[in-house]
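Asks: Below are the chains, spelled out letter by letter.
2 protein chains.
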Amino acid sequence: MAASQQSGAESLKPFFYPRTIAIVGASREITSIGYRLLESLQEGRFAGMIIPVNPHASEIAGLRTYPSLREIPAQIDLAVIAVPAGLVLSIIDDCAAKQIPAAILITAGFAETGGSGTSLEHQLRETIHRYGIRLIGPNCFGVMNLDPAVRLNATYTPIVPPTGHVAIASESGGLGLAVVTAAQRLKLGLSSFVSIGNHVDVTVNDLLEYWEQDRNTHVILLYLETIVDPPRFRRIAERVGKNKPIVVLKAGRTQAGQSAAGSHTAALATNDKAVDALFAQCGVIRAKTLEELLALATGLSAQPRPQGKRIGILTNSGGPGVLCTDSCAVEGLLVPELDKATQSTLASFLPPMAALRNPVDVIGFATEEQHAKAVETMLTSSQLDALIIVHVSVRPKDNEPVAAGIVRGIRSAREAGYKQPVFLCWMAEGDLDRSFIVDGEVIPTYRHPEIPARIIRYDLTYEAWRKQPSGQIPAYADVDLVTAKEICAKAFAARGPGWLTTQETHALLRAVHLPLAPGHIATSAEEAVKLAQKIGYPVAVKLASHQIVHKTEIGGVQLNLGGDQAVRDAFNRIRTKLEQAGQLDAMEGVLVQPMLSSGGEVMVGMTRDPLFGPAIAFGLGGIHVEILSDVQFRIAPLTDRDAAGMIRGIKGYKLLTGYRGQSAVDLKALEDVLLRISRLCEAIPEISELDLNPIFALPSGQGCRIVDVRIHIEPPQPAV
Amino acid sequence: MAASQQSGAESLKPFFYPRTIAIVGASREITSIGYRLLESLQEGRFAGMIIPVNPHASEIAGLRTYPSLREIPAQIDLAVIAVPAGLVLSIIDDCAAKQIPAAILITAGFAETGGSGTSLEHQLRETIHRYGIRLIGPNCFGVMNLDPAVRLNATYTPIVPPTGHVAIASESGGLGLAVVTAAQRLKLGLSSFVSIGNHVDVTVNDLLEYWEQDRNTHVILLYLETIVDPPRFRRIAERVGKNKPIVVLKAGRTQAGQSAAGSHTAALATNDKAVDALFAQCGVIRAKTLEELLALATGLSAQPRPQGKRIGILTNSGGPGVLCTDSCAVEGLLVPELDKATQSTLASFLPPMAALRNPVDVIGFATEEQHAKAVETMLTSSQLDALIIVHVSVRPKDNEPVAAGIVRGIRSAREAGYKQPVFLCWMAEGDLDRSFIVDGEVIPTYRHPEIPARIIRYDLTYEAWRKQPSGQIPAYADVDLVTAKEICAKAFAARGPGWLTTQETHALLRAVHLPLAPGHIATSAEEAVKLAQKIGYPVAVKLASHQIVHKTEIGGVQLNLGGDQAVRDAFNRIRTKLEQAGQLDAMEGVLVQPMLSSGGEVMVGMTRDPLFGPAIAFGLGGIHVEILSDVQFRIAPLTDRDAAGMIRGIKGYKLLTGYRGQSAVDLKALEDVLLRISRLCEAIPEISELDLNPIFALPSGQGCRIVDVRIHIEPPQPAV
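So the sequence lines, in the order shown, correspond to chains P and F.
With the numbering used here applied, the first sequence has no gaps in its numbers, which climb one by one up to 740 at the end.
With the numbering used here applied, the second sequence has no gaps in its numbers, which climb one by one up to 740 at the end.
Don't take every hint at face value.
For chains that are exact copies, the list does not tell them apart, and a pair is met inside one copy or across any two.
The calculated SDA-like cross-link candidates involving lysine to any residue, where the alpha carbons are at most 25 Å apart (straight line), are [as the list claims (entries may be wrong)]:
| id | residue 1 | residue 2 |
| --- | --- | --- |
| 1 | 505 | 727 |
| 2 | 33 | 149 |
| 3 | 571 | 352 |
| 4 | 308 | 329 |
| 5 | 360 | 129 |
| 6 | 293 | 259 |
| 7 | 207 | 451 |
| 8 | 671 | 646 |
| 9 | 417 | 81 |
| 10 | 417 | 64 |
| 11 | 293 | 28 |
| 12 | 293 | 625 |
| 13 | 360 | 168 |
| 14 | 674 | 575 |
| 15 | 674 | 625 |
| 16 | 262 | 448 |
| 17 | 671 | 625 |
| 18 | 207 | 185 |
| 19 | 329 | 365 |
| 20 | 207 | 119 |
| 21 | 674 | 572 |
| 22 | 308 | 481 |
| 23 | 417 | 66 |
| 24 | 360 | 667 |
| 25 | 293 | 352 |
| 26 | 571 | 467 |
| 27 | 293 | 356 |
| 28 | 264 | 233 |
| 29 | 671 | 621 |
| 30 | 597 | 716 |
Just so you know, the hints here were simulated from the structure itself, not pulled from any lab data.
Construct the entire structure; sequences and hints are all you get.
Replies: Following this line, the structure appears as C-alpha cells:
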C-alpha cells in the first residue's frame, strides 16, 4: 500500500475517533443547529470531551463554554462548525492557530447557492489546503461513528442507528438522514456515517480509503450526485470492492435530474452511460432506487454471499410464491425441483395439501413446528444456494409462532453448518416491521415477494466480479506515442482544431499499429487508375477529405469499380461534385482500396467526457448503433477484461460468433483495436473524438481491417 | 347492452347483496374455517340474516342452527360452504332443493391437488351448471361487499378494509388477503372483494361485467394466474376499461412461475408475450409487482387523471428531489422550470436558500405556513399537470406542522378549482403510515421518491388509450374464405397435417388478396428458362417444396441469375442436390421470380397459442427477429389500430420511414397484410402456423410483395 494512501486514511481518524470536540456556534437556542449538535453528542453519550464555543456564553447544556477556539486550553481533535457562512474563514484561522487537524463544516451558503457562495467556497478550499486542515462539508449534516468505544453522533439528528458494519456517505443531507433514520426500523447496523456536503476537501474517495482500513466496516453505501476524480474513484473502488461491496445510488442519471442536482450541490453534469461503464469496470453495485439501496444494504450486510443460483422458496400461500418464482426467473435464478427424498421428508410433517416440489407451500395454517422443520429441511438439503421465505399472515395471532418456527429452523440449519443466505418476505399487516434475528444474525426482511430475488442477483453479480482476476492494461511497447503526438501537434500547428487529414490519420494509426485496410491516395484520375491496377479489380474509390465528414451523402464513396474507365469516371464524378459545391479545396484526393469482403462490420469510437475522460464505444455500426442503440461503453484505460466484456456485451454479439453458417470473426483482433485506441486516447488528450467505422472483422485468426477513420483534435480541456 | 350480459351481472347480485346467508359447515371449533366465517360476518355487522348449518348443533355463536340446508324454513340467497371436499356435491344438491341461487365454496381439494380432485371438480361444474346455481370457488377465501347497506364479510379474515371505490378479484387467496389487509393501512377504500379460487363457474370476466354495472366501483384490481376465455376477457375489459381502469397483476410470467402456478391453481401455461399483447389491446394496466399493484390502486382510486406530463416537485431536501426528478425523466415526464412570476411568488415567502425553479426545495426547516403557500402556489400556477411532494423528516416534531401545511395548501388549491392530482413521498421514520386526507380526498402516500412518477406514467398511458377511438376490425368483403378453407381441407385430406405446397400457399394468398411477388413454378430446367425469359433477367430460382423448410441451407435459393444458362444450371444444381440427399420426391419444382429491389424487408408471422388463439407477429425479419428479438405481437382479431401500433412499436421502425435518404415504405400496405392475415387465421383454425418472410416493403403508394410463404395446417385444437 502506498504511503500517501495510508496517511490519507490516517488523516481522517480525528473525524471518527476524536477525544475532544469543540462545537463552534453552540447555542442555547433549542431550534438552532448549534444546540442540536450538542444535544446529539450528549444524548449519544459521546465517550470524549465536548467543548462548546460561543462568544456570549460561559456555559451551555451544563458544559464549560469558551468565547473562541483560541481560548480553549485543551488540545482539540475535531471542530464542528455551525456559524453563519460569513464567519467561517475566521473560524478556520482559529482552527489553524489551535492546530486542530480536522473540522466538520455544517454551515450552508457556499457553491450550492452560486454567485458569492462559489467564491467563498474557493477561498475556503484554498485556506484549508494552506493550513493542512482536513475538512468535511460545507453544507453537510455531520458525522457519526457507531463504534461503542467512541459513540460519536456529530449530526443534528438525535436518532442513532444500531451499531453494525455498514458505512454510509451521502452527498445529500436529506437522503443521508432518511437512510440513517430508516436503519433503526430495518435493523441495519452501521459502522459510521458521513454527510459529505460540498466535499471541498474530504471526498468519497478519501472515505473509501478510510473504510478500507476500518475493521468495523464490511459494506459501503454511497449516495452520489457526482463522481469526484473518476480515475481515482475507479482505482480505489476496485481495490476496496474486492473485500467490501460498494453500493452506490447515483442520482442525476437523467438530464433533468442533473439539472435539479446542479441547483442543489453544483454537481457536474455527467453522462450516465459513462457512470454505468465506470461502475461496471470497478465492480460497484449500482442501486437504481432508494428502495433498492436500502434493500441491498440489509441484504448485503447481514447475510453471506450465495454460492450459486439455486433458490428455494418456502411460502404459506400460492400466489405470493408464484410472484417470487417469477422474480427469480426474471433475475436469471433457478427454482429447482427438490429431490424425491427431500419431498418425502417434507411430506412426512406437512399437511396433505402442501406443495412439495419448490416453491414449497406449507399452506395457510401451518404451525410453528411445521415451519421450523420445513426451513431446516430445505436449508440442509444441499440442493439450494439460498432460501426465500414468503409469509402472508392469515390470522394475526399466527405471526408469533410462525416467526418463532422460522427462527428455529434457521438456527438448526446454522448449527448443522449450513450457511446459505436466507431472505424473508413478511406480509403481515400490523406486524410488518418485525425483526428476525437468529443468534445475532439479522435475516433481511422485505414487504414484497419480488425483492429478495433482485438482491440475490446483485449479490451473485458482485461475487462473480469479485472472484475474477483483475483485468490487465497491456503495455504495448510497439505503440509509438511520440510519433502519434507529433502528428497531432503538427496538424494543430498547421490548421488549429479540426479533423486530421486522411494522410495524417493513416500515419497515426500506423504509429499505434492498428490494422488499416490497404489503400493509397491518388490526386488525379490517372494516378487512381494506376493504383487500382496495382491493387487488382474490383476496387473502391473514396473521397479523401478532412473537411467533409459525411462522404456518402455527397457521392464520395464509389464501390465495386470493375475497370480502368470506372475508376476514372468515379474520380471525375467526385471531383465535379466538389467543384459544383465550391468545395474543391476540401479534396485531398481519393483513397483507392481493394474491395474487401467482411465477416462482419463493427465500429469503435471515442468521445472525451469532460469529467470521465475518454469513453470508448463498441458496436456493430450502422443501424445497430444509430437506431437500435446497441453500443457498449467503457472508460479508458481499458483492461483486457473490459475490451472482452464490451464485445460480448452487445445484443448483436451472436452475429460475430458464426451466425447462420458464417464463420466466427477474429474477436482477439477487435479487442486489440479497443485496447490500442484506449492507450492512444489516454496518452494524447488532444484527440477529442475518434471513429473507426466501419472496421471489417475477418474470420478468426485473420484479424480485422479498419476501412474508414476520423480523428478530431482540439486543445485538451483542463481537468474539472 | 346484450340481454345475456345484463342477466349475467344480475345473477351475481346474491353474492354481494344477500338478505339471508347460510353457513354450511359452521362450527363451534374456533380454529375452524366455519367458525371464522361466522365470526367475520358477525363482527362485520352483516345487515342481513345469518343461518349456521351443522348437523350436530342447534345453536352456534348465538344463532339458531339447522342440521341441513333443506330444513331451513326461510328463503336463502347465498350459501357459504366450508365442508370437507367429499361432502360438497351433496350440499350442492341441498342448495338446488332449497332453490338457493348462489354459493361460495371455500373448500379446497379440487383441481389444484390434481388426480381425484380434478375429477371432483369436473363433477362439481357439471352439477352446478345442471342446477343453474352460480358458484364462486372452490378453494377460495370468500367475498366482501363494503357497501354500508349490506356490510358483507363472507371471508375468514376479520379485518375489514375501508369502504371506497376499488373492486378486487384475486385468483390467490393469500395474495387477496395481503391486499385486503393492506388496504386499511393504505387508506385504500374498497367496494368489494372476491377470492375466485378455481373459478369453476364465476370468472373474472363475469365479475368485470358485474363491476361495470356497480356504481360503487370506479377502479378494478385483479390478481390473475391465467386468463379464462381471452376473447371474452378482451371484449369485456376493453368496454369496461373505457370508464373504469383495470389493473392486473398477472403472475406466471415466466416458465418457472407458470410451473409454480400450475401446482397451485392448475393455471394453464400461457405465453407472456401474448398476455402483454392482449392487455395492450384492451387498455388493461399491467402492474409488474405487488408493490406496483398497491401503488396503482391508491394512485388511481383517489386522484383525478393528470391532463399532461408537466410535473411539479416540491421537496424539503435536494437529494430526494433529484431522485424524483430522475424518475420523472425516466418515465417520460417533464419537470419544467416555473415561470418568473411563480418563482417570485415563491421567493416572497420561502427562505433565501430555497430552490425555486422546480424542483422547488423549501429546505429542511420550512414551516407549516411555508409549505401551505408553496403547495398552493405550485398547484394554482397553471403550469403543472400534477404535483409530487417529497418530504424527509428532519425533526420528528416538524412532521405534524408540515403535514398540516401540505393539507392546507391542497385544500386552498382545490377550493380555487385546481384539480391536478397530488402524490406524496413521505419519508418520516416513526410516522411513515400517516394518511393525508383533504376533505375526503385521499392523497396517495408512498415511501420512496421514485414511485409517484411511475404511477403518473401509467395514468397517462391509460388516459391516452381511453381517449383514443376504438380500433375497427375491417370486414374485407374481398377475402374469399370459402376458397381458402377448401385449399386447406383438400391439402389435409390428401396429406394430413403439414406444410402446404407452393401451389397451395399461392392459391390461398390469392384467395385472401395478399400481394404475392410475381413468380411461377417450373418443373424442368427448360420450363424455368422459358419463364425467366418471359419475366426478363435477372431472376431468382428457388426450390418449391412443402417438405423442405430451410431452403437456403441446402442451396435451394439462387439469386441474381443473369441468363438462360445460369437458370438452367441453377435448376440442375438444386435437382442434383436433392437427388444426392435422396429427397427428389420433395421437389415440387422451382419458383422463378424476378429479382425485386426492396425498400425494406419485413416479416409477418402467426403462431396459435393454445389459450389465446392466433398471435400475430411483426418484425424486420432476419437478425432483427432472430437475434435482437425486435418483434411486436398482437392477438387476433387485429383492429386497424393494432396493426398500425405493431409496425410503429418495433425498435427498428425508423428504418421504414426513410432512413439515410431511402424512401419511406408503404406502411398502409403492411397494415393491410397484417389485417388480412388476422382475418384468415381467425376464420381457419386449421392454420396452425404461418410465415410471410421476407415481405419486400416498397416505397409509399407502391404496396409490398410477399416473397416467401410457409403455411402449416393441422386439425384444430379444442378450445381450452
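Asks: Next step is simple, just say for each hint if it's right about the structure.
Replies: Now the hints, each set against the structure:
no., hint, verdict
1, 505 with 727, "within (22 Å within a copy, 55 Å between copies)"
2, 33 with 149, "within (18 Å within a copy, 79 Å between copies)"
3, 571 with 352, "neither (45 Å within a copy, 35 Å between copies)"
4, 308 with 329, "both (22 Å within a copy, 22 Å between copies)"
5, 360 with 129, "between (68 Å within a copy, 23 Å between copies)"
6, 293 with 259, "within (22 Å within a copy, 43 Å between copies)"
7, 207 with 451, "both (15 Å within a copy, 17 Å between copies)"
8, 671 with 646, "both (14 Å within a copy, 11 Å between copies)"
9, 417 with 81, "between (47 Å within a copy, 21 Å between copies)"
10, 417 with 64, "between (36 Å within a copy, 19 Å between copies)"
11, 293 with 28, "neither (30 Å within a copy, 55 Å between copies)"
12, 293 with 625, "within (14 Å within a copy, 36 Å between copies)"
13, 360 with 168, "neither (50 Å within a copy, 52 Å between copies)"
14, 674 with 575, "between (33 Å within a copy, 23 Å between copies)"
15, 674 with 625, "both (21 Å within a copy, 23 Å between copies)"
16, 262 with 448, "neither (38 Å within a copy, 35 Å between copies)"
17, 671 with 625, "both (18 Å within a copy, 23 Å between copies)"
18, 207 with 185, "within (11 Å within a copy, 37 Å between copies)"
19, 329 with 365, "within (23 Å within a copy, 56 Å between copies)"
20, 207 with 119, "neither (39 Å within a copy, 58 Å between copies)"
21, 674 with 572, "between (28 Å within a copy, 19 Å between copies)"
22, 308 with 481, "both (15 Å within a copy, 23 Å between copies)"
23, 417 with 66, "between (41 Å within a copy, 24 Å between copies)"
24, 360 with 667, "neither (43 Å within a copy, 49 Å between copies)"
25, 293 with 352, "both (23 Å within a copy, 18 Å between copies)"
26, 571 with 467, "neither (58 Å within a copy, 54 Å between copies)"
27, 293 with 356, "between (36 Å within a copy, 24 Å between copies)"
28, 264 with 233, "within (11 Å within a copy, 59 Å between copies)"
29, 671 with 621, "both (15 Å within a copy, 21 Å between copies)"
30, 597 with 716, "neither (28 Å within a copy, 33 Å between copies)"
Hints 3, 11, 13, 16, 20, 24, 26, 30, counting from the list given before, are not met by this structure.
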